[in-house]
Each structure stands twice: as structure tokens, then as C-alpha cells.
Amino acid sequence: MSIQVRNITKTFGNFVALDRVSLDIPDGELVALLGPSGSGKTTLLRIIAGLEGFDPYEDSEILFDGQNVARQNVGRRKVGFVFQHYALFRHMTVFENIAFGLRVRPRGSRPTRSQIRERVGELLELIQLEGIENRYPAQLSGGQRQRVALARALAIQPQVLLLDEPFGALDAKVRLGLRRWLRRLHDEIHVTSVFVTHDQEEALEVADRVVVMNQGRIEQVGTPDEVFHQPANAFVMDFLGNVNLFRGRMEAGRAVFGALVFEPPPGAVIDGNTARLLVRPHDLEIHARGDGHVGLEARITRIQSAGPVVKIELATDSNESVFVELSHERFRQRPHAVGESVVVAPRDSRIFVEEYTI
Amino acid sequence: MPALSSRTAASAAARPKPAADDPLWVKLLVSFAALSFLVVFLAVPLAAVFVEALRKGLAAYFDSFRHPDAWAAIRLSLLVAGIAVPLNLVFGLAASWAIAKFEFRGKSVLISLVDLPFAVSPVIAGLIYVLVFGMQGWFGPWLAAHNIEIIFAVPGVVLATIFVTFPFVARELIPLMQEQGIEEEEAAILLGASGWQTFWRVTLPNVKWGLLYGVILCNARALGEFGAVSVVSGHLRGRTNTMPLHVEILYNEYNAVAAFSVASLLALLALVTLVLKTLVEMRMKSHQTEEHAAPGGTGAGR
Chain A
1 MSIQVRNITK TFGNFVALDR VSLDIPDGEL VALLGPSGSG KTTLLRIIAG
51 LEGFDPYEDS EILFDGQNVA RQNVGRRKVG FVFQHYALFR HMTVFENIAF
101 GLRVRPRGSR PTRSQIRERV GELLELIQLE GIENRYPAQL SGGQRQRVAL
151 ARALAIQPQV LLLDEPFGAL DAKVRLGLRR WLRRLHDEIH VTSVFVTHDQ
201 EEALEVADRV VVMNQGRIEQ VGTPDEVFHQ PANAFVMDFL GNVNLFRGRM
251 EAGRAVFGAL VFEPPPGAVI DGNTARLLVR PHDLEIHARG DGHVGLEARI
301 TRIQSAGPVV KIELATDSNE SVFVELSHER FRQRPHAVGE SVVVAPRDSR
351 IFVEEYTI
Chain B
1 MPALSSRTAA SAAARPKPAA DDPLWVKLLV SFAALSFLVV FLAVPLAAVF
51 VEALRKGLAA YFDSFRHPDA WAAIRLSLLV AGIAVPLNLV FGLAASWAIA
101 KFEFRGKSVL ISLVDLPFAV SPVIAGLIYV LVFGMQGWFG PWLAAHNIEI
151 IFAVPGVVLA TIFVTFPFVA RELIPLMQEQ GIEEEEAAIL LGASGWQTFW
201 RVTLPNVKWG LLYGVILCNA RALGEFGAVS VVSGHLRGRT NTMPLHVEIL
251 YNEYNAVAAF SVASLLALLA LVTLVLKTLV EMRMKSHQTE EHAAPGGTGA
301 GR
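So the sequences go chain by chain: A and B. Using this note's numbering, you'd call the opening residue of the first sequence number 1 and step up by one each time. Using this note's numbering, you'd call the opening residue of the second sequence number 1 and step up by one each time.
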């Protein structure tokens, strides 16, 4: 089932949680809402679920398969929702938790006892937790609770699955395993799914499509590759991984950052405007001074070689910090030492120019 | 003596000095003071009730209950509690559900209203009803014209008791429900449950021990209330006297055995309440530790 969000605004008092947000989610996709806390991602998820209302503008609507669901009873939307802290019914066993959505159906459409038993059994198998159906939520680990919450949501055969920070409360190792499991599960059942996260790695690894949000607005929508390699703006680039930021300005139609001069991105740019050069640490190369490479002069202040890459911290002449990541192989071929004066040059970078004058 | 000094060091390390390592005589003195306070102010009066009640033997003790007025007082107390407690159970549950699970205008006013009976002296509470329903009160003449008796009659006693015991259930449930939040209810609604199903299957089972605790306290107060009931009842023997009022009358008539006999029933009731309350408290505590002592995220999903 596809989801369309049209011009949704949500304010809490003076705080604008969502500012005319529109979003299309195609049928069967697994979409991540990614953003820092306070960016409105959980609010958007709760509005899609119907747990939260939105400001009543005339052109605001939520469509499921083209049908406006704004006035529809929440229980009729057939939305599976997984809460960040699971919200399992604490006085019910795992079995009763999963069976809840089936047991509360109106008498006419309620499955029989044996049908319920069978369905719960299937779901327990799906979440790989057979044999614990008589335990209470308090007797489960975090990862187990998360999977029970998912099974409970899936029991009603939802048309849409919504997950609020599904791995947020788990420790690092469990989270890694569980998110791969979620990806595989989605490949099996193909229900349109939206999950909220503030962890860019999680979004890039699990989702078909990433929606980057900031301050109540959507900054960019795209595949993980698109948002990572072609970020729409400085915020997206900065949020999706570490970046080095260099400030420069427009001079004679070119973006100038000290010794580095670039053609600006297409668009109306005016001389004197601030330009920002964003470079990921692994896209920076370190050269010895005086061997002809053009770049920014800097001095190495710290080298950390324990880990998958060698991390080098440098300080420019104007005392700005620069972070570089080199492969161990490259570092072995041409080692560096703390205190060495070098030239830093980007292999790949993105330039964002402010398009207005102050 | 290197061997000896090292052993002292080891034993000192094994048994760290407690923070309050007071001399024995201090411990004894403090314990004695606390115990004698308990005995003088709690145990002795309680024992006195039973000793006085049984002063003239068991036969006299049971005789005092055979008196029709005593019987009437016991029956009236049970009737009043039987009406006030279920009503306050429903009111308290509804009020705490509204306050803890919903956001609305005037919520703080409602919370203050729930607390009002705690803040008002019971005598004032009784007087309010006299002023409203009494012969010289606002509705008095109208009620009299329609032959409806409230003040100096059983309905007045019931009303006053309901007022005084109103906060017990709500006060117990509001913090409990607030702590539990509304996520489980949201989950139930999203799974297709109706409002009633959500209430009966999710909200109510989650607060059942707190509810029982509130009901026990409410019941104890309903049976024991004196001040408010005293103002509205009119002390009509065999008609509007509850147990506490009957005790007072008997005592004022120097009928000590009968007074203490009825009082002993109230005392027994207090003891039963205490035991029940403790049991429920233990039950609630074990529930809470069960929830809080949940293991961390160890069951990895592969």
C-alpha cells in the first residue's frame, strides 16, 4: 500500500514540528526517516499512524493508496506500529500479546481459537522465538521484546508497518543483528514500511529510500547511494557521516578556499558570497610540502592507527582542525609523523554556495 | 610482628567499618525509646479496647451486639460502605483515567477538586450538606415539600461518606497511571481495539493492585468516618447511627462494655485492613521489581 503525505503542518504551541511536509512512499518500500532529535521524524510517523492529528489546512491530507484516511478511525487503518520502548502489554504473556489484535476483532470477523493459535505459532516462528510464548515481557531481553512487538504488529496483517526508533533502546551488538534481520524480514513479507532513526548508518544499511529531515522539513529524499554521494545540501552531507568544512568565498565567478580554487556549482552565484567546501575524511589526500600538489597547508597533530583506518588530525595555518582517513596500506607506503608539515588536497568534494546576499 | 599486622589488615579489609558503628548502649537506648513509644501510643490503646470490651466476660461482650441499636449501627455502617465504596471505585477510576491518560483544559482544576475532601475538615464537609439540603438550606423546603429526607437520614450519611472518601481511589491510581504512560493504550487502539476493549483489557489489568489498595483504604475510611457523618446524621438511635457514632453515644452513657465492644469491631477491622494493605503492597512491589529487573538486551536477534 502506498502512502502519500501532502502539505502536513504540525505545531505544538509555538514550536513548529512539521512545516508543510509532503512525501510519497511507494508500495512495498522500506523507508527510513532520518534526522536529528527534534527534526519532526517521530511526529510525522505518528501522524501517518493516526496517533497524532495535524493542523487543519485545506490542502493537508494523508492518503493510503489514494484514499484519504484523515477522518478514518485509527483502528481501521490497519497500521502495524512498533514503539521505541515496545509498549508490550505487561500483564499478558507473549502469546496473548501477539494474539491481542486478533482477539479484539468484532465477533463476525474474529478468528477461531485454533486459527489464532496457528497464526501466533507462525509469527513466533517468523521472529525465531518459539517456546517462549508463556513468558511475560518482563522476563525477556530487549532484543526479544522488540521482536515480540514486531510480531504483535504483524498479527493483524497490516497494510503499513511503522517503526519508531526500532533499535534505539538496544545495545550495539544486538542492534546490528536485529537491523539485518529486519531487512531480510522485509524482503520476505514486502509490506510498506517506514522506520524512524537518528542513526545514519542504520538508515543507509537497512532502507530502500532515505528521507533526511531537519527542523520540521524534508531536506532530501533518495536512495542511500543518492543521499550519501549526491547530498542536496550541506546539512545532508554533514548529517550522513563526518565531513570537513572549509569556508571560502566567491571571487571572480569562482569559489576560492585559500590555495584551492573551484568552479562553483551551476546556479546564480554572486561574488562575495560565502562558499562552503565539504570533504569527507576519506576523500582527503596528504602530500609532502613542495612536491607540486596544490592544497591547504597544515600540520599533523595526532595520528591514530588502531582501527580499520588510520585517522589523522591536522591543524591548518588558521588553526582549524582537519580530519583525514587513510587506508593502512597507503599509510605503510608513505608514513607520516606528528608535527610534520604537509599539504592536504581533496580528491572529491562538494561546494555549497549561499545564494543570497546579506 | 609482621604476620599479626598483616592479618589485622586483611580482616579490616574483609569487614569494612559500618557507617553507623555506635556503641552498644546507644543502640539499646534508641531502640528502647522507639519501642516504648510504639507500645504507649499504639499497642496499649489497642489492647485497652479489647480488655475493656471483655471486662465483664465473653457473654457480656456478645450481648452488646445483640442490642437492636448496636445491630442497626453495624448494618448501617455496612450499608453506607457498600454504597460509598463501589461508587467511589467508579468515580475514582474514571477521574484518574481522564487525568492520567488525556490532555484537556481544566485538568489541574479537576485534580484540585479530587483533592478537595482531603483539604476540607470532615465537619465542614458535613456542614456543607446541611447548608445545601437541610431545612434552612437551599433545597431544604423543596425536599420537605416532596417528602424527601436527606439530612438526619440515611441518604445524608451516605452522601457525607462518599464526599470524605472520594480521593482514596483516585489518589492511588493517578500517579500509577501517569507512570505507566499511554503507549500500551495507543498500541491497543492501533491493533483495532475499541475504547472499552482497551480499558478492560489493557488499562484496568495494569492498575488492578493499585485499585485494590485504594479500595481497601476507601473502605476503612468509609466505615470509620466520624466527623462529617456526625454532623448530618442527627444521632437517631437505630436509624442514622453508624458504628463510630454509636460508640460515642454508648460511651457518653457510661456503658463502657458496650462501647468498647463495638469499638473492638472497628479495631479488628483496622487490623484486617492493615494485613490486607500489607499483602497488596507486597504484591505491587514484587510486580514492580519484576518489571524493573528485566534483563538487558542480551538475546541477540540473528
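One or more of the hints may lead you astray.
What the hints assert, rightly or not - Derived SDA-like pairs (lysine to any residue); straight-line CA-CA distance at most 25 angstroms:
#1 B:LYS285 / A:THR93
#2 B:LYS285 / A:ALA138
#3 B:LYS101 / A:MET92
#4 A:LYS78 / B:LYS285
#5 B:LYS107 / A:THR93
#6 B:LYS208 / A:GLN139
#7 B:LYS107 / A:LYS78
#8 B:LYS101 / A:PRO224
#9 B:LYS101 / A:SER2
#10 A:LYS78 / B:GLY181
#11 B:LYS27 / A:THR11
#12 B:LYS208 / A:GLU313
#13 B:LYS208 / A:PRO56
#14 A:LYS78 / B:SER194
#15 B:LYS101 / A:PHE89
#16 B:LYS101 / A:ARG71
#17 A:LYS78 / B:GLN197
#18 B:LYS208 / A:GLU133
#19 B:LYS107 / A:PHE12
#20 A:LYS173 / B:GLN197
#21 B:LYS101 / A:GLU133
#22 B:LYS285 / A:THR42
#23 B:LYS285 / A:ARG135
#24 B:LYS285 / A:GLU96
#25 B:LYS101 / A:HIS85
#26 B:LYS101 / A:VAL74
Because the hints were derived from the structure by calculation, they are not lab data.
Results of checking the hints against the structure:
| no. | hint | result |
| --- | --- | --- |
| 1 | B:LYS285 / A:THR93 | holds (20 angstroms) |
| 2 | B:LYS285 / A:ALA138 | holds (14 angstroms) |
| 3 | B:LYS101 / A:MET92 | holds (20 angstroms) |
| 4 | A:LYS78 / B:LYS285 | violated (37 angstroms) |
| 5 | B:LYS107 / A:THR93 | violated (35 angstroms) |
| 6 | B:LYS208 / A:GLN139 | holds (20 angstroms) |
| 7 | B:LYS107 / A:LYS78 | violated (32 angstroms) |
| 8 | B:LYS101 / A:PRO224 | violated (39 angstroms) |
| 9 | B:LYS101 / A:SER2 | violated (32 angstroms) |
| 10 | A:LYS78 / B:GLY181 | holds (23 angstroms) |
| 11 | B:LYS27 / A:THR11 | violated (62 angstroms) |
| 12 | B:LYS208 / A:GLU313 | violated (60 angstroms) |
| 13 | B:LYS208 / A:PRO56 | violated (39 angstroms) |
| 14 | A:LYS78 / B:SER194 | holds (14 angstroms) |
| 15 | B:LYS101 / A:PHE89 | holds (16 angstroms) |
| 16 | B:LYS101 / A:ARG71 | holds (22 angstroms) |
| 17 | A:LYS78 / B:GLN197 | holds (17 angstroms) |
| 18 | B:LYS208 / A:GLU133 | holds (23 angstroms) |
| 19 | B:LYS107 / A:PHE12 | holds (18 angstroms) |
| 20 | A:LYS173 / B:GLN197 | violated (38 angstroms) |
| 21 | B:LYS101 / A:GLU133 | violated (29 angstroms) |
| 22 | B:LYS285 / A:THR42 | violated (34 angstroms) |
| 23 | B:LYS285 / A:ARG135 | holds (19 angstroms) |
| 24 | B:LYS285 / A:GLU96 | holds (24 angstroms) |
| 25 | B:LYS101 / A:HIS85 | holds (18 angstroms) |
| 26 | B:LYS101 / A:VAL74 | holds (17 angstroms) |
Hint compliance for this structure: hints 4, 5, 7, 8, 9, 11, 12, 13, 20, 21 and 22 are broken, all remaining hints hold.
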